[in-house]
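The lines below spell out each chain.
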Amino acid sequence: MAPWKKGVISAFIIFHVVAVASWLMPDSTIKQNLTTVTFWYVIPVGLWQAWDMFAPNPSGLNMYVHARVQNSDGSVWEYSLPRMNRLGFVARYAQERFRKYVENAHLDASRRFWPDMARWVARQDREQTGKIPTHVQLIRTWWEVPAPPPDTSQAPPEDWRTFTFYNTDIKNGAAL
Amino acid sequence: MRIVKAWDRFWFEPRETLTLGVIRALAGFLVLSYALLISGYVQTWFTNSGLVSSQTAQAYDGPYHFSLLLIWPSATAVWIVFGLLIVFSISMMLGFFSRLSCILVYICLLSFDHRDLIILNSGDTMLKLLTFYLCLSPCEASFSLDAVIRRRQRRERPNLVSALLNNLTYGASGPVAAPWALRLIQIQVSVVYISTVLSKLPGPMWQNGSALWNVYNLSEMMRFPLPSLFHSPFMINAASWGTLLIEFSMAVLVWFPGTRLFALLLGALLHLGIEYSMNVPLFSAIMLTAYLSFLDLSILWRRFLSTPWAHKLKLAAASESSKAPGEPLEGREAPVPRQRSRSGRRR
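From first to last, the protein sequence lines stand for chains A and B.
Start counting the first sequence at 1; every next residue gets the next number (the working numbering).
Start counting the second sequence at 177; every next residue gets the next number (the working numbering).
The set of hints was computed from the structure by calculation and includes no laboratory data.
No false leads were mixed into what you were given.
Computed cross-link-like contacts, DSBU-like style, restricted to lysine-lysine with a CA-CA straight-line distance of at most 30 angstroms: (1) Lys31(A) to Lys100(A); (2) Lys131(A) to Lys171(A); (3) Lys5(A) to Lys181(B); (4) Lys6(A) to Lys181(B); (5) Lys171(A) to Lys100(A); (6) Lys6(A) to Lys31(A).
Isolated chain B, as found in the complex (with noise of 0.2 angstroms):
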């Protein structure tokens, strides 16, 4: 009966969505992004006088790769699937439509996906599995137009802006919803690392510290020039056992509540040394993006609105003025929200 509680209370206890709609708006923002950068090369990756035809795909994926692309394989199509990727990314952002919008780009990702799977890289695919988990979560319960249309309708709050300025304060007063969508993007994230560092445990070079001195003379690979210091035997040492520890804090660490804060600086430090020195687009603001949802971001948007600069701003009075009760969305009261120390643990 324990295991069936704990089962119960690890997906599906009621808590903030916050966090959710801030990962929606910055997964749609990174979408968009990912359709800016493919912009100019639209022709010569997806169409059949680029580099790869579709012919050439369909038989390399197999018959089982979904893709409007293979389908419809014209160039116009092909146009026309790209500038609704943009649109639908846009509403995502923005949370309008939030739920279908999401639906739609994961359809559109997936079609240039499966389109040219030569040249996809870690982030095309975070990206994609990023945005599958939040076609499956209340991703539209805050931070988002659906959200303020929503209040708006409900109370007949007299303009958008007031209404907007409201959903975005309330925070821990806000919606609460059981978070098994977002628990699984948690463990979409661990296993990532898991993954990584057991295929790398095997590897010679990792166990003797020298693997980063193969990845910092892949000329093609780097974006930015390291400094000499890492290249020196210690730093390339360092550096090596040291992305293995990162990875495995990731993938472990971060399920303890003393030890998570702890694993996600290490990994947002990992990430920013990849973005500084590698060349893989997008691949750390995505891994980022998802670290998200280990925090509790409704926690740390009160406690900016007990600050000075909140009340400079106005935010905290617009925030008591919208006060309301927690608007479970799944028919339950929604709890009060509990506090935490300053280890993290729940009082």
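For reference, chain A alone in the conformation it holds in the complex (with noise of 0.2 angstroms):
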């Protein structure tokens, strides 16, 4: 390989080393430095990346979406979001981004996710029961693991909580 390739490649190498490393070091002054400059190779490129899944610790919560949806005959649909724990052992691989949607859209910082969620719940319901929706309440059902007690063979009491936390009108809900 000629020398000047080689010199190519190796700046090219150094690069983007330190751009995946300064994407994963910790907050610090050096990282806000580092980042500012590669972001615009790390973003547009898609090299962004994070592997602090159950870091610090893992997460205990269990939870999923319920949806109660008002039609304009009066009736009420319920939906839930597809729970892997009540899928086989096939359909709950192929479905599992489901799950992921719902770990990271149930958050008040995705409140944006809000009014689609709502929406795609109305369509499901309209083409389910071919009723007209016209308001939709979005509700997070959860439990959280509780610390380890002594005797870990045991399963955790499961304390399930509520709490609805969009409500929309839907407008035009014939044409959904």
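Fit the two chains together into the complex; they arrive one by one in their own frames, and the hints show the way.
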């Protein structure tokens, strides 16, 4: 390989490794300074990454999102986004993205996703019941894994709680 | 000067390309599996009638995440890109226009990933990164239709079957190339584990060895049920600290020839455990594929050829008949393959 080619590749390698490292290093002044430069390489090219799953502690949140849809004829349609532990082993593999979606979208910081979620649920109602949805309630239902007891062979108690996190009227429910 | 020489040896000393070819083929298969897994939910996840509209995705992502599906958000465009992803993943798997296929697969994967950041898991990230590194590598040199066609053209082989057989069997005497892209895959694997260990270490549950108590009770994440033995306090401790230990091994010990195989075996064990117990589609398969970058598959292949099985399959004979000097891709002479001792050290 020609020396100039090695030089160019070496420069790229150094830049690339620094860019990836800057993305993953702990929050600091160095990280701030580096990422202002490497941002323009890492983000558009799609090299961003985070490997902090179950860190610093694994989450103990078991949750799902439930929807209550009111129809124009006064009936109510109940629906839960797919729950992995209610699916077969193959189906849960293909539908895992619903779990990931719920894990991220239920957060208050993700409220911009809620109107789309409500509209999508209303559409499911329209397609499955043929009725016209007028109002959607999104409810999160959860329980948190308690601290490990001395005898961890026993399953922990499931203390379920619910909270309605989004309410919206559906305009044009017939045209969904 | 020693540093310069070491740098040159590490990144540019030519080595076999069979490993890269196998990684490319497996990565192509995994991209195809990814496509099949999302095939029933393309409408739900990537179109405006789904759970995330393109306006919401754009607002969440910011303006700098490139995605064809944000440029052309119509359902027709989404299905076209999805169809292209399937076609290119097959050509990537077979090694037909390998480098171009990898680049096109990468553009499609990036488009799907950036269209819906909220649904991504670790497998999606690692698959995209692996494809990126393959785009930079001579992944067409071995174990590919490209290599078969090239050899056929050069040597006027009479038929495709014979050319394919020879291409598969020439092993260590095949093309060699500077391994810098393969090294980047190795570094990426190591970075995954360094990063994950460093982010877990400050966690009190990882420190006191109870972290997997939470994990085992996340019913939405479980795949197959774990035997009750794993729920005992001893096993929860052992599995929590064992996870950190294995991840540390894959970050550090994998770089030393004497401990490499040990680290890889531990890592494989960890990922088989994850694959059994946790529902993270394709993640373990992608990581295990990336592990191959630490192995020299041409040596393993030569060892296989010397077994009675290979003679029965007549692979060894085909290999002998096709033995040709190495084909350097960069205009350099192919080095004589070095023998490795049992400990993995070069002689």
